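So the sequences go chain by chain: H and C. Mapping the first sequence onto our numbering, position 296 (from 1) lands on 576, and the numbers just tick up by one. Mapping the second sequence onto our numbering, position 175 (from 1) lands on 189, and the numbers just tick up by one.
It is worth saying that the hints were derived from the structure and are not from the lab. Check the hints yourself; a few may be wrong.
Label pairs and their in silico Cβ distance ranges [said to hold, decoys possible]:
1) C:K67 / H:A398: 36 to 46 Å
2) C:I308 / H:L601: 52 to 62 Å
3) C:G364 / H:L393: 46 to 56 Å
4) H:R321 / C:Q458: 22 to 32 Å
5) C:E71 / H:E320: 32 to 42 Å
6) C:I306 / H:L601: 37 to 47 Å
7) H:L393 / C:K188: 51 to 61 Å
8) H:Q323 / C:R235: 38 to 48 Å
9) H:A286 / C:L446: 46 to 56 Å
10) C:E27 / H:R324: 50 to 60 Å
11) H:R321 / C:W378: 56 to 66 Å
12) C:L446 / H:A513: 53 to 63 Å
13) C:W427 / H:A513: 44 to 54 Å
14) C:R381 / H:Q323: 17 to 27 Å
To give a feel for the contact side, a few chain H residues facing chain C, derived at Cβ under 8 Å [as the list claims (entries may be wrong)]:
15) V336
16) V342
17) W352
18) P356
19) Y367
20) A385
21) I390
22) A434
23) S436
24) A589
25) A592
26) V594
Here are the simulated BS3-like cross-link-like pairs (lysine-lysine), alpha carbons at most 27 Å apart as the crow flies [unchecked claim]:
27) C:K143 / H:K608
28) H:K283 / C:K196
29) C:K68 / C:K143
30) H:K283 / C:K188
Just so you know, these numbers come straight off a predicted model, no measurement behind them. All C-beta atoms, glycine included, are put in the ideal place defined by N, C-alpha and C.
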Amino acid sequence: MSKADAAAAILWVGATFYALFGGADFGGGFWDLTAGWDDERGQRPRDVIQRSLTPVWEANHVWLIFVLVVLWTAFPPAFSAIFTTLYVPIALAALGIVLRGAGFAFRKSIVGLRGRRAMGATFAISSVVTPFFMGAVVGAIAAGNVPAEGNGDAFSSWLAPLPLLIGAMFVASGAYLAAVFLVGDARRGGDEEMESYFERRALGAAVVAGAFALAGLFALHSEARYVFDRLTAEGLPLVIFSLLCGAALLAVLLRGGRRLLRPLAAGAVIAVIWGWGVAQFPYLLPTSLRIDQAAAPDATMTIVFIVFAVAAVVVLPSLGLLYTLAQKDLLEAEH
Amino acid sequence: MPSLDLLPVAASESNLLAAREQMAFTLGFHIVLSCLGVALPATILVANWVGLKKRDEAAMELARRWSKAMAVTFAVGAVTGTVLSFEFGLLWPEFMDRFGAAFGVAFAIEGIFFFVEAIFLAIYIYGWKRLSPWAHFWSGVPMVITGIGGAFAVVAANSWMNQPQGFTLDAAGKVVDVEPLKVLFNPATGYEVPHMLLAAYMVVGFLVASVYAVGMLKGRRDRLHKLGLVIPLTIAAIATPVQLFVGDTAAREVADHQPAKFAAMECIQETGTDQTEYLGGVCTDEGVKGAIGIPGLDSFLVGFSTDTKVIGLNEIPDNEEPPANTFLHLSFDAMVGIGTALLGLGAWFGFVWWRKRDIPQTPWFLRAVAVSGAGAIVALWCGWIVTEVGRQPWIVQGYMRTSEAVTEADGIWFSFGLVLLLYAGLGTGAILVLRSMSRRWREQGAESVEGPYAPAEEEAT
Ligand code: HDD
Ligand code: HEM
Ligand code: HEM
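Produce the complete structure using the sequences and hints provided.
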């Protein structure tokens with residue numbers, strides 16, 4: 281593996297973490313949005329969501345920063361090409377990030393019900409909008425709509441079936457991940473009603489995400505032939521693995537089981553992301569910019585590796601500590 | 015060094031102006047919050063430590079309140095920082111394309127600091143109840159270190175833009191080799207990073223103290239308010255004299271390495287010795303109008319002798335002169351003036367404390383502290399204006415012009431307008447939330463208010 285390929289792998293690792301943790305955060309917002317207008321009835325699911333999101337959302341968010349930074353440091357021309365072409369969905373995603381963070385942070389500290397509702401709605405709506413546009417960006421890249429020299433068409437590049445479908449798939453798979461995580465959190469809280477509430481939603485979201493993925497395959501076939509061909513050849517094992525995870529998860533849920541829900545859900549998503557990576561290899565921007573063409577000089581890559589190694593020994597254990605404390609309810613709200 | 019002029023000086027002037035305004039505005043907003051992220055943890059930990067060691071309930075209460083306020087400001091800091099990262103690509107894609115491989119190194123390192131900071135922030139803010147008091151205290155210490163590390167990394171990136179080094183270009187202007195250590199530790203890092211760190215501690219110290227000074231002026235003279243004033247003000251009063259020393263060093267370095275910036279900020283028109291130091295005034299081609307001039311002082315400050323030769327704008331090619339000369343000059347003067355005034359305030363406080371173990375009893379002292387927070391923020395902005403506008407027309411001094419870096423995308427004015435609206439809402443929201451938290455603290459004690467990390471009362475039960 282060349283240095284550039286290794287850096288691309290690091291990029292994908294970051295994207296994987298972001299898809300898992302950031303994705304589940306967005307999904308939490310999705311379920312907050314769909315918990316209903318009725319304040320009373322919506323209260324209990326919102327409660328579970330709030331409690332499980334609160335201590336971790338900011339840390340989860342940093343994976344996005346990690347991905348951006350690695351992209352612009354290790355592959356500057358790709359960064360610039362993507363941002364000069366897809367600036368519309370990217371700017372909309374940034375807008376969503378601001379509204380989401382502010383809505384979430386302000387909601388809790390506002391006293392009046394009206395203000396709190398407005399902030400809650402801001403948080404929830406932007407939790408759906410943001411991953412949609414991020415998905416559209418990814419879809420546009422996969423579709424080969426970002427030319428290596430940048431400044432591609434600002435609209436037709438992403439207003440096409442494949443990018444829009446991937447956007448929808450991002451929303452659905454975040455919702456799916458979140459629901460699966462929330463089943464566990466509700467159980468920890470000893471709330472059986474909420475447990476089955478999120479269980480039903482996990483089931484529904486799994487089906488919808490699967491449907492989008494399937495539709496995405498068709499769109500891939502017509503819009504992104506290179507990626508499709510490799511996905512169904514080199515990437516096939518990963519696709520099958522993802523399908524198996526999804527099917528196993530459905531089976532567990534339908535039989536009312538609880539075991540392995542989280543690993544299965546995560547496995548399905550991880551396999552898709554790496555399937556995508558394998559499918560567009562050796563391109564960063566299929567089929568105009570290869571990884572090695574976009575790569576920064578060796579010394580820069582070395583720094584990226586060192587940073588990654590340090591992240592692995594410092595950040596991952598710290599994250600582990602945070603999640604453990606949160607799961608043991610040691611990071612408790614004061615009341 | 016000549017510009018490589020490889021890219022067509024494309025992109026309309028209008029785009030450039032809009033992009034610069036947007037960048038300046040969003041940075042100016044973020045930098046205030048990031049000061050809180052850098053220096054508030056240490057301030058909180060001092061209060062926490064006093065509370066634990068001396069079993070001082072008022073100090074513990076302050077630490078608890080400040081950490082809840084920080085939960086709000088940190089969230090706003092994180093989203094505005096994310097916007098900045100996006101803006102690198104949205105506004106300055108050519109800059110990233112050409113130099114991302116070099117100065118990206120600093121941001122890659124920064125990423126780690128942010129991560130660790132966000133993690134321990136959550137543990138600290140959220141761990142008040144269930145972690146043992148000392149374990150909880152120590153969980154806050156990584157925040158202090160990562161705050162400093164994060165600031166180092168970003169500001170080193172900015173220093174590199176001012177004094178770029180540590181990279182090799184090929185004939186086409188592409189970065190083909192990088193020496194990461196030279197990028198990180200460029201000559202400007204040595205003064206920019208400490209200057210910024212001290213600025214963060216000054217901003218936070220004076221700002222927090224000013225909140226309690228206002229309270230005391232309204233007649234709230236309990237122990238909590240006094241401690242809330244004394245702890246942060248002590249930190250700020252210690253940082254200020256060091257800051258002026260570092261700033262003075264920075265000015266000499268700028269005179270050596272970025273003569274155009276220096277000439278513009280000091281309004282020096284003609285190269286020569288025995289330069290007058292001008293305070294205030296309007297800069298014109300014929301010299302400074304309406305300023306207080308101190309003959310020879312400028313030369314003396316640069317080289318400790320009035321014989322020191324200082325380069326004037328007449329030696330700088332017209333297309334390399336910074337814009338808005340008067341604005342730059344006044345910004346610089348405002349920074350120095352405010353810094354000097356804050357030095358006086360700190361000395362007053364220190365002297366009276368030394369003699370009487372108490373704060374000065376006149377309301378004028380409280381009034382001065384009450385405005386000091388805003389003053390420190392203005393000084394901070396002025397400093398950044400000097401650095402950034404003074405570097406123009408370069409984005410990377412001597413290598414790339416800002417006009418070459420800017421995006422060709424449409425709608426930058428539109429996005430700037432949107433950003434103004436959005437941030438107006440963000441700022442208003444944050445201030446309203448903080449004020450309502452403090453009102454509830456006064457009415458019911460701290461237990462009643464939850465930061466964004468804690469579900470609200472009704473929901474948690
Ligand atoms: C509380 C804020 C504060 C205060 C009181 C001062 N400064 Fe400052 N100054 C800043 C906050 C700041 C800053 C954090 O905004 C800058 C922008 C970039 C940097 O490194 O620090 C800055 C930049 C800056 C620069 C430009 C550096 C460059 O372009 O690379 C100079 C020459 C000075 N300062 C000099 C001074 C002097 C002579 C001061 C007082 C005697 C002073 N500063 C007080
Ligand atoms: C954090 C505090 C900072 C503040 C308040 C600040 C302030 C400013 C201001 C006022 C401008 C506008 C200049 C003009 O209109 O002529 C500007 C431009 C810019 N700054 Fe900074 N700056 C900061 C740090 C940084 C850092 C750390 C970087 C990057 C590493 C950076 C990159 C830029 C870029 C790319 C521009 C646009 C080009 C230009 O107009 O100079 N800034 N900034
Ligand atoms: C161009 C310049 C800058 C960029 C691109 C940038 C980027 C970011 C990003 C992405 C975050 C969010 C991290 C998270 O999610 O936790 C952030 C937060 C932060 N930034 Fe900046 N930043 C810039 C300038 C600065 C400067 C000059 C400082 C310090 C002096 C600074 C200090 C911080 C700190 C301490 C935080 C943590 C959040 C907070 O305390 O509010 N940043 N920044």
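Taking 8 Å as the limit, does the beta-carbon of P356 (chain H) come near enough to a beta-carbon in chain C?
holds, 3 Å
Please check whether A592 (chain H) passes as an interface residue: C-beta within 8 Å of a C-beta belonging to chain C.
Constraint on A592 (chain H) not satisfied, violated at 10 Å.
Satisfaction of the hinted span 51 to 61 Å by the C-beta atoms belonging to L393 (chain H) and K188 (chain C):
holds, 58 Å
Holds or violated: are the alpha carbons of K68 (chain C) and K143 (chain C) at most 27 Å from each other?
holds, 19 Å
With a cut-off of 8 Å, does the beta carbon of S436 (chain H) approach a beta carbon of chain C closely enough for the hint to hold?
violated, 14 Å
Kindly confirm whether 32 to 42 Å is satisfied by the beta carbon distance between E71 (chain C) and E320 (chain H).
holds, 38 Å
Given the hint of 50 to 60 Å, is the C-beta distance from E27 (chain C) to R324 (chain H) inside that range or not?
holds, 57 Å
Next pair to validate is K283 (chain H) with K188 (chain C); report whether the Cα-Cα distance is within 27 Å.
holds, 19 Å
Between K143 (chain C) and K608 (chain H), is the straight-line Cα distance small enough, at 27 Å or below?
Roughly 13 Å separates the two Cα atoms, so the pair holds.
Starting from the hint 46 to 56 Å, judge whether the C-beta atoms of A286 (chain H) and L446 (chain C) obey it.
Distance hint for A286 (chain H), L446 (chain C) holds at roughly 48 Å.
Whether the CB-CB distance between W427 (chain C) and A513 (chain H) falls inside 44 to 54 Å
holds, 47 Å
Under the criterion of a CB-CB separation shorter than 8 Å, is Y367 (chain H) in contact with chain C as hinted?
With Cβ-Cβ at 5 Å, under 8 Å, it holds.
Against the hints set out earlier in the document, violations occur for numbers 6, 14, 23, 24 and 25.
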